[in-house]
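Take a look at the letters that make up each chain.
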Amino acid sequence: MHAIFILWLREVKKYTRSRPQIVASLAQPLLYLLVLGFGFGPVFQQAGNGSYLQFVAPGVIGMTVLFTSVFSGIALLFDRQFGFLKETLVAPVPRIRIMIGRTLGGATVAMLQGTLIFVACMIAGFRPVSLVAIPLAFVFMALIAIVFAAFGTAIGSGLQDMQGFQLIMNFLVLPIFFLSGALYPLHNLPKVLAAVTRVDPLSYGVDGLRGVLTGRLMVFGTGTDLLALALIAVFLLIFGAWRFSKIEI
Amino acid sequence: MIRVQNLVKKFADFTAVNDISFAVPKGEIFAFLGPNGAGKTTTIKMLTTLLPPTSGSLQLNGLDPTRQANEVRQQFGIVFQDPSLDGDLTAAENLELHGVLYHVPRKIRRERTEMLLKLFELWDRKDTLVKKFSGGMKRRLEIARGFLHTPKILFLDEPTLGLDPQSRNQLWSHVKRLNETEQVTVFLTTHYMEEADRVAHRIAVIDHGKIVAIGTSQELRERTNTQTLEDAFLALTGITIRDETANAGADQMRQFAQMWRK
Chain G
1 MHAIFILWLR
11 EVKKYTRSRP
21 QIVASLAQPL
31 LYLLVLGFGF
41 GPVFQQAGNG
51 SYLQFVAPGV
61 IGMTVLFTSV
71 FSGIALLFDR
81 QFGFLKETLV
91 APVPRIRIMI
101 GRTLGGATVA
111 MLQGTLIFVA
121 CMIAGFRPVS
131 LVAIPLAFVF
141 MALIAIVFAA
151 FGTAIGSGLQ
161 DMQGFQLIMN
171 FLVLPIFFLS
181 GALYPLHNLP
191 KVLAAVTRVD
201 PLSYGVDGLR
211 GVLTGRLMVF
221 GTGTDLLALA
231 LIAVFLLIFG
241 AWRFSKIEI
Chain X
1 MIRVQNLVKK
11 FADFTAVNDI
21 SFAVPKGEIF
31 AFLGPNGAGK
41 TTTIKMLTTL
51 LPPTSGSLQL
61 NGLDPTRQAN
71 EVRQQFGIVF
81 QDPSLDGDLT
91 AAENLELHGV
101 LYHVPRKIRR
111 ERTEMLLKLF
121 ELWDRKDTLV
131 KKFSGGMKRR
141 LEIARGFLHT
151 PKILFLDEPT
161 LGLDPQSRNQ
171 LWSHVKRLNE
181 TEQVTVFLTT
191 HYMEEADRVA
201 HRIAVIDHGK
211 IVAIGTSQEL
221 RERTNTQTLE
231 DAFLALTGIT
241 IRDETANAGA
251 DQMRQFAQMW
261 RK
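First to last, the protein sequences are chains G and X. So the first sequence is residues 1 to 249, counted in this note's numbering. So the second sequence is residues 1 to 262, counted in this note's numbering.
Hints listed in this document are in silico derivations from the structure and should not be mistaken for laboratory results. It is possible that part of the hints are untrue.
[Stated by the list, open to error] Below, a list of computed lysine-lysine pairs in the DSS-like style, where the Cα atoms sit at most 27 Å apart:
id	chain 1	residue 1	chain 2	residue 2
1	X	Lys10	X	Lys210
2	G	Lys14	X	Lys210
3	X	Lys118	G	Lys13
4	G	Lys13	X	Lys132
5	X	Lys118	X	Lys152
6	G	Lys14	X	Lys118
7	X	Lys152	G	Lys246
8	X	Lys107	G	Lys14
9	X	Lys132	X	Lys118
10	X	Lys176	X	Lys126
11	X	Lys126	G	Lys14
12	G	Lys13	X	Lys126
13	X	Lys107	X	Lys126
14	X	Lys10	G	Lys246
15	X	Lys118	X	Lys107
16	X	Lys210	G	Lys13
17	X	Lys176	X	Lys152
18	G	Lys13	X	Lys107
19	X	Lys210	X	Lys26
20	G	Lys14	X	Lys26
21	X	Lys26	X	Lys176
22	X	Lys131	X	Lys118
[As the list claims (entries may be wrong)] Examples of chain X residues lying across from chain G (beta carbon under 10 Å, computed):
id	residue
23	Thr48
24	Gly87
25	Leu97
26	Phe155
For glycine and all other residues, C-beta sits at the position ideal for the given N, C-alpha and C.
For reference, chain G alone in the conformation it holds in the complex (with noise of 0.2 Å):
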């Protein structure tokens, strides 16, 4: 338990101490939050959704959440070429312990800079629906960061250089961003398209979270977006331990 909890606090410390990379990380975001939320307003509204912004900002904290905790998975591949990976891997402890300490960290790493984007969101001009919904949202966002840096640590095991990581960040998280339905709404995609939205776990983490947040354009429910997202958790939880157990140096 002392292990998951100093490795734990190990993600949350680096992350405190590194803010221009908070504030770095919160520009691409914004970005998408003012200026699609604002340059497609127009358009949104003329098709009858209302309002664009009220749309995206819930796709916009789940991207958030998804990039940052992918990035702190995939950060293993530092600590593997910095050498700190071998420290931990010849440690006294369950190779498990130490992957749930640095996936829960990652995790909570990025609940943190979901949470700033969410402030930054309702400073914009986003309105949750109620007050009631936001412990929820905060429920779907812990789900999407676990998946995810659980994700990244599965991934970020196997991993061996920058050329990897870009590889995985072009092919990969920018696609499960893009196919999400983060940015449009999912009813009435082409059947592909519609398809792979559904294979796609951050559908049901933005689904889920506009569903709590606005309570308008669900797809899923929220039951089938809880259930779909735990489910995806514990698989990669299992998976991303057991790929980690296998690492070599």
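Once you've looked at the hints, dock chain X against the given chain G.
Relative to chain G, chain X alone:
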């Protein structure tokens, strides 16, 4: 304490460790010497559960690192050849983390941290982030950390690389003290022959993945008919300089990391 039989490690087309066997009894200081790329670090990685062997058998205190990894990790401590500190944590936090991972009780953790940081003259910098440390300071911290808990077996992989003579002296005195008072078995590698001569009870010389000689310093000198261990080493391994593959990814990654975390 350590028993290695017919150990082989192959990477694709390259045989790093080629059928070596040796045994280190409890309480011995055993030096593993060899030129760059001879297979020293690979052997240590296999003994410390970081790499599975291709074939052969390993035992640490009667346990098998390939099948009883968790139990084996309870037995040893290690100072790595290359850096393994977290630069974004302070010196004290690095030790704290290590102490927790190695189940050192809080009170002892605090006492030892203070004692070791003072011994290696890092106490007044304990709250500085490690990335602001010089190379020598990082090395000292790495070694201080290795002594935070008292393992049954201590692996030291070129621990004195980049250390000043004062710290080297502290290191070896401490190793000898641990060995004498706590019966810690020590497995070390170094490129400084006088160090091996000073502390090691027995020495194995490895070259091209094979053990070419094993014995006390005196036995090695007598066998090669030389005056010093260094001459004996050269007589055994030849005078050609070896290359090691560089870690090409690390520099690029360092730049990237700097971009992201200031």
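For each hint, the structure was consulted:
{"no.": "1", "hint": "Lys10/X with Lys210/X", "verdict": "holds (13 Å)"}
{"no.": "2", "hint": "Lys14/G with Lys210/X", "verdict": "violated (43 Å)"}
{"no.": "3", "hint": "Lys118/X with Lys13/G", "verdict": "holds (25 Å)"}
{"no.": "4", "hint": "Lys13/G with Lys132/X", "verdict": "holds (17 Å)"}
{"no.": "5", "hint": "Lys118/X with Lys152/X", "verdict": "holds (24 Å)"}
{"no.": "6", "hint": "Lys14/G with Lys118/X", "verdict": "holds (26 Å)"}
{"no.": "7", "hint": "Lys152/X with Lys246/G", "verdict": "holds (26 Å)"}
{"no.": "8", "hint": "Lys107/X with Lys14/G", "verdict": "holds (25 Å)"}
{"no.": "9", "hint": "Lys132/X with Lys118/X", "verdict": "holds (19 Å)"}
{"no.": "10", "hint": "Lys176/X with Lys126/X", "verdict": "holds (26 Å)"}
{"no.": "11", "hint": "Lys126/X with Lys14/G", "verdict": "holds (17 Å)"}
{"no.": "12", "hint": "Lys13/G with Lys126/X", "verdict": "holds (16 Å)"}
{"no.": "13", "hint": "Lys107/X with Lys126/X", "verdict": "holds (17 Å)"}
{"no.": "14", "hint": "Lys10/X with Lys246/G", "verdict": "holds (18 Å)"}
{"no.": "15", "hint": "Lys118/X with Lys107/X", "verdict": "holds (17 Å)"}
{"no.": "16", "hint": "Lys210/X with Lys13/G", "verdict": "violated (45 Å)"}
{"no.": "17", "hint": "Lys176/X with Lys152/X", "verdict": "holds (14 Å)"}
{"no.": "18", "hint": "Lys13/G with Lys107/X", "verdict": "holds (23 Å)"}
{"no.": "19", "hint": "Lys210/X with Lys26/X", "verdict": "holds (24 Å)"}
{"no.": "20", "hint": "Lys14/G with Lys26/X", "verdict": "violated (41 Å)"}
{"no.": "21", "hint": "Lys26/X with Lys176/X", "verdict": "holds (14 Å)"}
{"no.": "22", "hint": "Lys131/X with Lys118/X", "verdict": "holds (20 Å)"}
{"no.": "23", "hint": "Thr48", "verdict": "holds (5 Å)"}
{"no.": "24", "hint": "Gly87", "verdict": "holds (7 Å)"}
{"no.": "25", "hint": "Leu97", "verdict": "holds (5 Å)"}
{"no.": "26", "hint": "Phe155", "verdict": "holds (9 Å)"}
Against the hints set out earlier in the document, violations occur for numbers 2, 16, 20.
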